[in-house]
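Peer 1: Below are the chains, spelled out letter by letter.
2 protein chains.
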Amino acid sequence: MQTVSESVIKAALEVTLLPGVGSLSQSRISKALPDISEFFSMDDASLAALGISTEATALLHSRAYRATATEIYDWGIHEGCQFLIRGNPGYPPLLEEIFAPPLVLYARGRLEVLGMPCVAVVGTRRPTIYGLQMAQGIASDLGSLGICVVSGLARGIDGAAHRGCLEGGGRTIAVLGCGIDIVYPREHRQLTKSVLENGLLLTEFAPGTSPSPQNFPVRNRIISGLALGTLIIEASEYSGSLITARLAMEQNREVFALPGNLTSTQSFGPNFLIKQGAKLIQSWRDIIEELPPEIRQEILIKEDSRPSRKPELGLLSDEESRLLELLKTDETTQFDKIFSMSNLSVSRLSDLLLNLEMSGRVRQLPGNLYVKIRI
Amino acid sequence: MQTVSESVIKAALEVTLLPGVGSLSQSRISKALPDISEFFSMDDASLAALGISTEATALLHSRAYRATATEIYDWGIHEGCQFLIRGNPGYPPLLEEIFAPPLVLYARGRLEVLGMPCVAVVGTRRPTIYGLQMAQGIASDLGSLGICVVSGLARGIDGAAHRGCLEGGGRTIAVLGCGIDIVYPREHRQLTKSVLENGLLLTEFAPGTSPSPQNFPVRNRIISGLALGTLIIEASEYSGSLITARLAMEQNREVFALPGNLTSTQSFGPNFLIKQGAKLIQSWRDIIEELPPEIRQEILIKEDSRPSRKPELGLLSDEESRLLELLKTDETTQFDKIFSMSNLSVSRLSDLLLNLEMSGRVRQLPGNLYVKIRI
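Chain order of the listed sequences is A and B. Going by our numbering, the first sequence opens with residue 1, and the numbers climb by one from there. Going by our numbering, the second sequence opens with residue 1, and the numbers climb by one from there.
You may find that some hints are simply not true.
[To be verified] In silico SDA-like links for lysine to any residue, alpha-carbon gap of 25 Å or less:
{"hint": "1", "chain 1": "A", "residue 1": "Lys31", "chain 2": "B", "residue 2": "Phe339"}
{"hint": "2", "chain 1": "A", "residue 1": "Lys337", "chain 2": "B", "residue 2": "Gln214"}
{"hint": "3", "chain 1": "B", "residue 1": "Lys31", "chain 2": "A", "residue 2": "Leu344"}
{"hint": "4", "chain 1": "A", "residue 1": "Lys31", "chain 2": "B", "residue 2": "Ser345"}
{"hint": "5", "chain 1": "B", "residue 1": "Lys275", "chain 2": "A", "residue 2": "Gly137"}
{"hint": "6", "chain 1": "B", "residue 1": "Lys279", "chain 2": "B", "residue 2": "Arg363"}
{"hint": "7", "chain 1": "B", "residue 1": "Lys372", "chain 2": "A", "residue 2": "Met249"}
{"hint": "8", "chain 1": "A", "residue 1": "Lys275", "chain 2": "B", "residue 2": "Pro293"}
{"hint": "9", "chain 1": "B", "residue 1": "Lys275", "chain 2": "A", "residue 2": "Asp330"}
{"hint": "10", "chain 1": "B", "residue 1": "Lys337", "chain 2": "A", "residue 2": "Ser23"}
{"hint": "11", "chain 1": "A", "residue 1": "Lys337", "chain 2": "B", "residue 2": "Gly20"}
{"hint": "12", "chain 1": "A", "residue 1": "Lys372", "chain 2": "B", "residue 2": "Gln276"}
{"hint": "13", "chain 1": "A", "residue 1": "Lys275", "chain 2": "B", "residue 2": "Met249"}
Since the hints were made in silico from the structure, they are not lab data. None of these values were measured; they are calculated from a predicted model.
The following block holds chain A by itself, in its conformation from the complex:
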């Protein structure tokens, strides 16, 4: 997989080490230069046009960080850390689409998980039992269905999401707010090891970077940026998870949220997000439904072939069976038409249609139209 040349990796590492060259400048540079190693032979005028300060220009001309970049590269080769460079093979395509993607990603573990459809599951570091159980349960469902669960390896919901996914036999990506050589929080030492074996650790921070608070919002854009959608499990009013949700919206990704009692401060965030348009989820199905058709299709086929997880379709009453016969799977039928065919009262008919809808047999479409779901 590692088809990127040593010179490109080292040049990219050196760029990220230059003071004042943040993600915005990195983004501008990698957009302008398909081959990042050309950066160091640019003239001052071109560098200035890219917004590089005179201070940084002097440092790049003197190659002040060349040795450090080489040191990091050698460390990586020795420690099994790989380097994903923007615009080069192996870099996650969905991440290329976000605003100012990082030039370098440090990666440890199974790089192939980057090819899987990803869903982020995040939330507060101070969850309730309800939040923990839901995070773990839904992540387990997603993992077992072949969805890679992305989270931030933080205490609370993040940890439960990684754990649940692994328990479901799935793959998971942990995006760190520190260097890839640092285990944080300490109590996640064992979990980190499991993620390494069955998934991937990712970070844009250089080795040795400590997990300081300002890193986390920066890190969060990678979590949402890797994923087709982000599920917020629990988040109080000022939780960073709400920022992750907002980032996902700005990145045109799906936002999912777990509803919860108003009396729980941890459910304030998800409830608020739902009010703002996030999709309320009652099970993994509500997530799968919003994924691109080809991915959704594949997952549902997989799901159907596992007898233990077949959708729980209860037996139909005679009345329901007769009603279902009036509906078509390939064509909608107007409520009024069903009404006149059914010989039922309006209220009884509404009642039955709602039951059939809730049991996944019928779908209501705008305009009071009904269609039978092919099972």
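Using the hints, position chain B against chain A.
Peer 2: Coordinates of chain B only, in the frame set by chain A:
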């Protein structure tokens, strides 16, 4: 208020007593005949055109139910029961708009509450403590703000809604699934008395009608039909409250739902409705926001004049104050523009804007536009 003539009332009562003349026929009749008393002098052809069966035609010609209608009328005069006749003064205008409104409504209590803006609060007869407390609390808030709370006087959520509204000093309407002379359920004897004194009992069922199960869905359309919107507090998968919600949608009224933990079967219904497009509510404000502008305005003015209930706007940090100064109340500002004016990082700016949004100072509009809320 009772400006409808005795003959019109008696004629309307007689129509509702005819066998086979249900709400659909009643609706057709009252639409065709502004003066319902003309009904009994119609010729057979015109009656047939209205869909009246030959059996009913014979009975109406023989005036088989004239005596019973007179009896009910006299009983009403004696017992303080009033009659609201569709198409006549005093009949609730919002109810005129629904599909097949009842020709006759029996009413006891304060008729003037029909002039108030109404919101329905309904739910399961087997609620959780959470559901009961929320129903009571939100109904109390609505009542104290001058919103009349409509419900079905059933055990559980309905009872809590009526009680809460009365505790808040508000007015409430109980719509019955039985005759107005019947107290059901028995344990709501005291509550029924309070509703009579501080609100209104309404039903379309003739005196003496017992509360049989098939009456409730019919009754539910009146609950949602009287209200600008319906709030579903708790409802399990097969609850009648889901029918009420569906009816409200079909009547083009707002549907509100209280979110709850997925682990609570009673929250299945509201969560499901939110997924289908009902508005998740976190407080009475989320309900008021969706009411027609003139009603909303009046309530918010009332609310502002009560110091104890002022919106809890926390103190702003210096950073937040500076950011607010960049925004306008009468014009939207693009995120990018705020970003370039603010000297903040993208993530810090997103963070602050979200906080300001959650504390009700700022509103985000589609297209990443922001506007300051006038306080």
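Peer 1: Indicate, hint by hint, whether the structure satisfies it.
Peer 2: Here is what the structure says about each hint:
A distance of roughly 22 Å separates the Cα atoms of Lys31 of chain A and Phe339 of chain B; the hinted pair therefore holds under the 25 Å criterion. Between Lys337 of chain A and Gln214 of chain B the CA atoms are separated by roughly 23 Å; this keeps the pair inside 25 Å, and the hint holds. Distance restraint check for Lys31 of chain B and Leu344 of chain A: the Cα-Cα separation of roughly 24 Å lies within the 25 Å cut-off, and the hinted pair is therefore satisfied. This hinted pair checks out: Lys31 of chain A and Ser345 of chain B have alpha carbons roughly 21 Å apart, not beyond 25 Å.
Distance hint between Lys275 of chain B and Gly137 of chain A is fulfilled; the C-alpha atoms sit about 20 Å from each other, no more than 25 Å. With a CA separation close to 17 Å, the supplied pair Lys279 of chain B and Arg363 of chain B stays within the 25 Å bound. Between Lys372 of chain B and Met249 of chain A the alpha-carbon distance is near 21 Å, which keeps this suggested pair within the 25 Å criterion. At most 25 Å may separate the alpha-carbon atoms for a hinted pair to count; Lys275 of chain A and Pro293 of chain B meet this at roughly 20 Å.
As the CA atoms of Lys275 of chain B and Asp330 of chain A are separated by approximately 24 Å, the hinted pair is consistent with the 25 Å bound. About 19 Å separates the Cα atoms of Lys337 of chain B and Ser23 of chain A, which keeps this hinted pair within 25 Å; it holds. Pair hint Lys337 of chain A plus Gly20 of chain B holds up; C-alpha atoms about 22 Å apart against a cutoff of 25 Å. With a CA separation close to 17 Å, the supplied pair Lys372 of chain A and Gln276 of chain B stays within the 25 Å bound.
With a C-alpha separation of about 18 Å, the suggested pair Lys275 of chain A and Met249 of chain B falls inside the 25 Å cut-off, and the hint holds.
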